[in-house]
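K.L.:
Note that the protein sequences, when read in sequence, are chains A and B. The first sequence finishes on residue 398 if you use the numbering used here, and the numbering steps up by one all the way, no holes. The second sequence finishes on residue 398 if you use the numbering used here, and the numbering steps up by one all the way, no holes.
In short, the hints are calculated from the structure, not lab data. A couple of the hints might just be wrong.
Taking lysine-lysine and the DSBU-like style, the derived pairs with C-alpha atoms no more than 35 Å apart in a straight line are [claimed, not checked]:
| no. | chain 1 | residue 1 | chain 2 | residue 2 |
| --- | --- | --- | --- | --- |
| 1 | B | 212 | B | 185 |
| 2 | A | 97 | A | 185 |
| 3 | B | 293 | B | 185 |
| 4 | A | 293 | B | 97 |
| 5 | B | 97 | A | 97 |
| 6 | B | 293 | B | 97 |
| 7 | A | 293 | A | 97 |
| 8 | B | 185 | B | 97 |
| 9 | B | 212 | A | 97 |
Beyond 10 Å from chain B on every Cβ pair, some chain A residues (computed) [stated by the list, open to error]:
| no. | residue |
| --- | --- |
| 10 | 185 |
| 11 | 228 |
| 12 | 251 |
| 13 | 275 |
| 14 | 278 |
| 15 | 299 |
Here are a few chain A residues that face chain B, going by a calculated C-beta distance under 10 Å [stated by the list, open to error]:
| no. | residue |
| --- | --- |
| 16 | 144 |
| 17 | 330 |
| 18 | 384 |
Nothing here was measured: the structure is a model prediction, and the numbers come from that model. Backbone N, C-alpha and C define an ideal beta-carbon position, used for all residues, glycine too.
2 protein chains.
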Amino acid sequence: MSDVSSSSQDLSTLLLDVDDLAAVLENVGVDFFLDELIRQLAFDIGRFDPTAIEHKIRTGFNYDTPEHGLIEWMPTMVVGDVVSVKTVGYHPQNPVERGLPSVLATTSLYDTNTGGLVALTEATLLTALRTGAASAVITQAVAKEGPITLGVVGCGAQAVTQIHAISRVRKIERLIVTDVDQSTAESLAGRLPEAIVAPEVTTHTEFDEVIADLDVLVTATSVEPGHGPVVTLDHAPEHLHINAIGADFPGKTELPESYVRNPDVVVIPDVIEQCLAEGEAQHLNASELGPDMAEILERDWHALRSQQTIFDSTGWSYEDLIVASLFVAHAVPLELGTVVELQRAPTDPHDPYETLR
Amino acid sequence: MSDVSSSSQDLSTLLLDVDDLAAVLENVGVDFFLDELIRQLAFDIGRFDPTAIEHKIRTGFNYDTPEHGLIEWMPTMVVGDVVSVKTVGYHPQNPVERGLPSVLATTSLYDTNTGGLVALTEATLLTALRTGAASAVITQAVAKEGPITLGVVGCGAQAVTQIHAISRVRKIERLIVTDVDQSTAESLAGRLPEAIVAPEVTTHTEFDEVIADLDVLVTATSVEPGHGPVVTLDHAPEHLHINAIGADFPGKTELPESYVRNPDVVVIPDVIEQCLAEGEAQHLNASELGPDMAEILERDWHALRSQQTIFDSTGWSYEDLIVASLFVAHAVPLELGTVVELQRAPTDPHDPYETLR
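Same shape as in the complex, but just chain A:
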């Protein structure tokens, strides 16, 4: 963990906007940053100690007025160092009605020495990067070794960072993609880094027919609750690894229930309680889960490479803390971002009106 709190006793806050984040990636290189993030997640989560890292299950407001949406927060603390709170808004009507992304997120970092707000960063790009990197670390641990055929269902923003991050840990020999919206599937090629093999676009029906050829599958859809599954897995190869990243809400799942329930399929939750509530694991009991993400990264699970595995990626607030800290660690020496002083050390802490005199 990068220490973001060491020089923060002056109460200043570092703001990182989209342009600052882009400048970090341009300065260090997107591939380099992604490699670093993958290593950092593997390192920090592999050494996860629940007495040193505390998190709260995400909670928030879920509403139907003025229209369906939610605002929720995901808090994590590195004991003795920093508290991170990612606040996420999800408003599915944003793209159509306002030309805005459906997900808007920011991450705040607080110094546990002083309580001061150390940094506030845009977190929509951060979320896509950390979700991709999380899939990469688990793919690296449990997917077939050597070049792979990768299938992707859902070709939106998450697909880009999923494919990109996985390409950093496995050579992607073939890439087969599908989307309910054909134009989204077809535009994917133009959104992927150039080094990645050109995607073969299929219909959902065609996609189900090539499942037997896949080594790794990513599901990254925004299927409505109750409208899954998004793939048929009757012909899944015996070593298929799935990164299922869309499920994050009660009733919202992407995989066939029978497949997830199959005792031969190893379900790897990122956050056990959260996966049981809103992940692919929502049909399972805790005793039916495989090793969790931290256990997978803690030691070698070579045997899983020849088994059917599912990474149930609901999104862990600790991943948000790690990616935000990494951006801050790069931004500071590059002198990127804007420093503001929302607060100031008062001369007399007993005088609330001091600034008025």
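Following the hints, position chain B against chain A.
P.N.:
What follows is chain B alone, placed relative to chain A:
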């Protein structure tokens, strides 16, 4: 409620720092602002409707490493309009070890139409103002009419806004104050607005002897959990109204348990669940509570003016939303604050790397 979300579809965020808040108060006048805040709290809370205003009980991280402290958040939503999250750090060693306030707080306002972060404001001053104004609205509703003798235990920052706000709803004829630290008690006069009568400084023993002369009492101490009570109330007059604002933690109470338990004393909680957990009411059952803050402000409770009453003010996140919205409403036409764009509407919402090209 001021509508803070109406013009926010551009994804910009208004930052209000301590100087911006001071400038608002200088422009409109502190007395005017406090009067307006008192009216707004009375109006909004008196019309409180739990289907229109939702709040989450405050929660957070409480730790002993690197030293005792906590970071917690207090969320409230005005349905169809705005979500407010105040994040509060409490680090009692800050003043001695770092010259920083023990409480550092910021409030974030999110638009429930888009999920965007509309405003981020310093909230330490806001907290002192809203806590004072909350005591004022309850004092106005249930304390003796006409000029009053006011007693204050604890002469820190909160005492200033308590006395100031109460002075806007009752003429303070006599002001008797005490503090465990004599110098804090003596410096209070210099921190109060000039129009307020000079405080008579007493020892705790002398203070207990003048209890019989008081009409209204404020307790605003940072007594350690388990170290209360901070006053003896054996000679409390039959109409005494107490604004107890220090209790906000399990075990931390300021008033004698026997007094709070006395069935003739009407305990007015601000947030029932929170008061039962960490307020003066932590020794009571829900059935032993009087009308809550919203019920008090909803209609006339004239009869309570001749009874012993306690306002159990643990701090309501809705108050934080109201005071933050009021500052934003003044700052915008005055062109105060700094507008930043952490996020931007993308040309292609499916392309997370758009800003890199």
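K.L.:
Would you check whether the claim that residue 275 of chain A is not at the interface survives, using Cβ distances to chain B and the 10 Å cut-off?
P.N.:
holds, 30 Å
K.L.:
Taking only the CA atoms, is the gap from residue 97 of chain B to residue 97 of chain A under or equal to 35 Å?
P.N.:
At roughly 14 Å apart (the allowed maximum being 35 Å), residue 97 of chain A and residue 97 of chain B satisfy the hint.
K.L.:
Within a Cα-Cα threshold of 35 Å, do residue 293 of chain B and residue 185 of chain B meet the stated pairing?
P.N.:
holds, 28 Å
K.L.:
Does the nearest C-beta of chain B fall within a distance shorter than 10 Å of the C-beta of residue 144 of chain A?
P.N.:
holds, 8 Å
K.L.:
Does residue 97 of chain B sit within 35 Å of residue 293 of chain A, going by the straight-line distance between their CA atoms?
P.N.:
holds, 24 Å
K.L.:
If you take the shortest Cβ to Cβ gap from residue 330 of chain A to chain B, is it below 10 Å?
P.N.:
At about 26 Å, which exceeds the 10 Å cut-off, the nearest Cβ of chain B leaves the hint on residue 330 of chain A violated.
K.L.:
Given the hinted pair residue 293 of chain B and residue 97 of chain B, is their alpha-carbon gap at most 35 Å?
P.N.:
holds, 21 Å
K.L.:
Run the C-beta distances from residue 228 of chain A to all of chain B and say if the shortest one exceeds 10 Å.
P.N.:
violated, 7 Å
K.L.:
With a cut-off of 35 Å on the C-alpha distance, tell me whether residue 212 of chain B and residue 97 of chain A pass.
P.N.:
violated, 47 Å
K.L.:
Would the hint linking residue 185 of chain B and residue 97 of chain B be met if the CA-CA limit is 35 Å?
P.N.:
holds, 34 Å
K.L.:
With the threshold set at 35 Å, check whether the alpha-carbon distance from residue 212 of chain B to residue 185 of chain B stays at or below it.
P.N.:
It holds: about 11 Å lies between the C-alpha atoms, which stays within 35 Å.
K.L.:
Please check whether the beta-carbon of residue 278 of chain A is more than 10 Å away from every beta-carbon in chain B.
P.N.:
holds, 29 Å
Violated hints, in rising order: 9, 11 and 17; the structure is consistent with all others.
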